[in-house]
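**Q** Here is how the chains run, residue by residue.
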Amino acid sequence: MQALTNRVKEVDRKPMSLMERMYLPGIIKGMMITFSHIFKKKPTINYPEQKRPFSPVFRGLQILNRDQEGRENCTACGLCAVACPAEAITMEAAERQAGEEHLYREEKYAAKYEINMLRCIFCGLCEEACPKDAIYLSETFTPADYQRKQFIYDKNDLLIPHPKENPEAYSQALGNRPKKESVN
Amino acid sequence: MADEIKTIKVTIDNITIDVAPGTTILHAAREIGGDVTPPAMCYYSKLEGSGGKCRTCLVEVAAGSAADPRPMPKLVASCRTNVMDGMVVKNITSEKVTDARNGVVEFLLLNHPLDCPICDQAGECHLQDLGYDHGKEGTRYQFARRTFKKEDIGPYIQLHMTRCILCYRCTYVADQITNKRVHGIVDRGDHAAISTYISKAIENDFSGNMIDVCPVGALTDKTFRFKNRVWFTKPVDAHRNCETPGCCGKATLWLRGDEVFRVTARKDQWGEVQNFDGKPGWICNTCRFETKETVKWTIEGLTTISRHSVIGANKYKTLETPNETIKKVMHGVEPKLLMDIHSVSGVNNPTIHLSEIDRPANGKDFNK
Chain A
68 MQALTNRVKE
78 VDRKPMSLME
88 RMYLPGIIKG
98 MMITFSHIFK
108 KKPTINYPEQ
118 KRPFSPVFRG
128 LQILNRDQEG
138 RENCTACGLC
148 AVACPAEAIT
158 MEAAERQAGE
168 EHLYREEKYA
178 AKYEINMLRC
188 IFCGLCEEAC
198 PKDAIYLSET
208 FTPADYQRKQ
218 FIYDKNDLLI
228 PHPKENPEAY
238 SQALGNRPKK
248 ESVN
Chain B
34 MADEIKTIKV
44 TIDNITIDVA
54 PGTTILHAAR
64 EIGGDVTPPA
74 MCYYSKLEGS
84 GGKCRTCLVE
94 VAAGSAADPR
104 PMPKLVASCR
114 TNVMDGMVVK
124 NITSEKVTDA
134 RNGVVEFLLL
144 NHPLDCPICD
154 QAGECHLQDL
164 GYDHGKEGTR
174 YQFARRTFKK
184 EDIGPYIQLH
194 MTRCILCYRC
204 TYVADQITNK
214 RVHGIVDRGD
224 HAAISTYISK
234 AIENDFSGNM
244 IDVCPVGALT
254 DKTFRFKNRV
264 WFTKPVDAHR
274 NCETPGCCGK
284 ATLWLRGDEV
294 FRVTARKDQW
304 GEVQNFDGKP
314 GWICNTCRFE
324 TKETVKWTIE
334 GLTTISRHSV
344 IGANKYKTLE
354 TPNETIKKVM
364 HGVEPKLLMD
374 IHSVSGVNNP
384 TIHLSEIDRP
394 ANGKDFNK
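Heads up: the sequence lines are chains A and B, in that order. Residue 196 in the numbering used here sits at position 129 of the first sequence; the count goes up by one each step and never skips. Residue 59 in the numbering used here sits at position 26 of the second sequence; the count goes up by one each step and never skips.
Since the hints were made in silico from the structure, they are not lab data.
Output of the computed footprint for chain B on chain A, the stretches with three or more beta carbons under 8 Å from beta carbons of chain B:
{"no.": "1", "segment": "153 to 159"}
{"no.": "2", "segment": "163 to 177"}
As a list, the in silico SDA-like pairs of lysine to any residue whose alpha-carbon atoms are at most 25 Å apart:
{"no.": "3", "chain 1": "B", "residue 1": "K397", "chain 2": "A", "residue 2": "Q164"}
{"no.": "4", "chain 1": "A", "residue 1": "K199", "chain 2": "B", "residue 2": "I151"}
{"no.": "5", "chain 1": "A", "residue 1": "K222", "chain 2": "B", "residue 2": "S388"}
{"no.": "6", "chain 1": "A", "residue 1": "K216", "chain 2": "B", "residue 2": "G396"}
{"no.": "7", "chain 1": "A", "residue 1": "K96", "chain 2": "A", "residue 2": "R80"}
{"no.": "8", "chain 1": "A", "residue 1": "K179", "chain 2": "B", "residue 2": "V377"}
We put the CB at the ideal spot given by N, CA and C, even for glycine.
Throw the hints in and build the complete structure from the sequences for me.
**A** Encoded structure:
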């Protein structure tokens, strides 16, 4: 049969040499390699105690942004949902009523906003599509869970802490990533 | 004169076509179709007297006619200029035209609020298409844009004057389709605004058609306002026996699941209302605003959407819902591990019927 590639190697079926039949030299050679690794630099870290830094372009769990007065930026325009290749994002829009101006920045807002983390592939296209600076991928992993229903993240899970009511959590949520140039 | 119909030759962007005398350049270009057709924001072939206002359909006439082949000195509005025999027109092949059109788009967008993320027209907005085709990404305008208060035109129509480009189409609808016009353009120049003198006075059966003719999101359907983005709804062609005289009863339903979120007239490839039996297929307000139940309509099939449009994105190309196969594969055993998405998700809640609310939904509707 003709080989598909020219990288075929014939199986060596020659009888073992004397060195190979003695068995022990091979064992010692193998143990020497193992032993030498004790003196080498460890490639692993002790994970929960030690953590590796994230790459500056790491894309983790989404957050929904607020402006400096704590109003939600999202206006339920649906661009993230239409850009989402995994169809993980769904939303329901509502009209801002009189007296809700301190809660929502625009006259339309997302009454419901859900990301199905089982579907999300963390591609970041939602962040790219957003015209309102409202969705960002943070430096957090999606925590593991036993039940699938825990992975439907709604607005309570996604919204960034309120910058005025909870400034500490807010600044923590902003992270250490260098700020992007504002579009506007 | 003999009865034979004489045709005249006109060349648009190096494509020659025979058209009847009295045809406008825009119509001749539409007969050719494709990229050659100039865009039109104010001209509407079904409305008499429309056109000549927005200047987006400007073309260059390189030769006036076979008898007088001198070029026309200025760019002309193709919707208002009739063709002559042997006329040579340049649209996309002329640099002057592209340049002028870019300028026109910039002017149209001067006072436009660019609130497309909020606007219900986004996705089917002619100004949005035009802007993306010809506009530049940034704006050079640094001053405050004109602002107006939102206004109700009748119980079902919302007017956002900030988005209006003053194409006058809606006033022509009121003049020609409804029997009494009660709204119009007040003030002049930069202050010009669509309004009713006696606010909320439009109660005509056909007033809803001004939503369909509006090229931007200035006039929008209040019963659909903020309910969903157009590209998440599924357009289907449907008809019903409408008893209102003059209503054609043929419409496009915009569905989510089995719910009718919006009813519009059927549009042709130019974004205008389709003709049925030689007459424009206007629909009455009963069909448009008050018939939001699927059972009252006979669904004919999916509406054909241009593949360039976002409205066709992420949709099944059939009306049939795919069959559930798990039970069949499992020899009749119901799946135990399937999660009903409605038990966790608050979106598209089957107990909330948005189509039955005749106003924009608010927070209370979702937190019942």
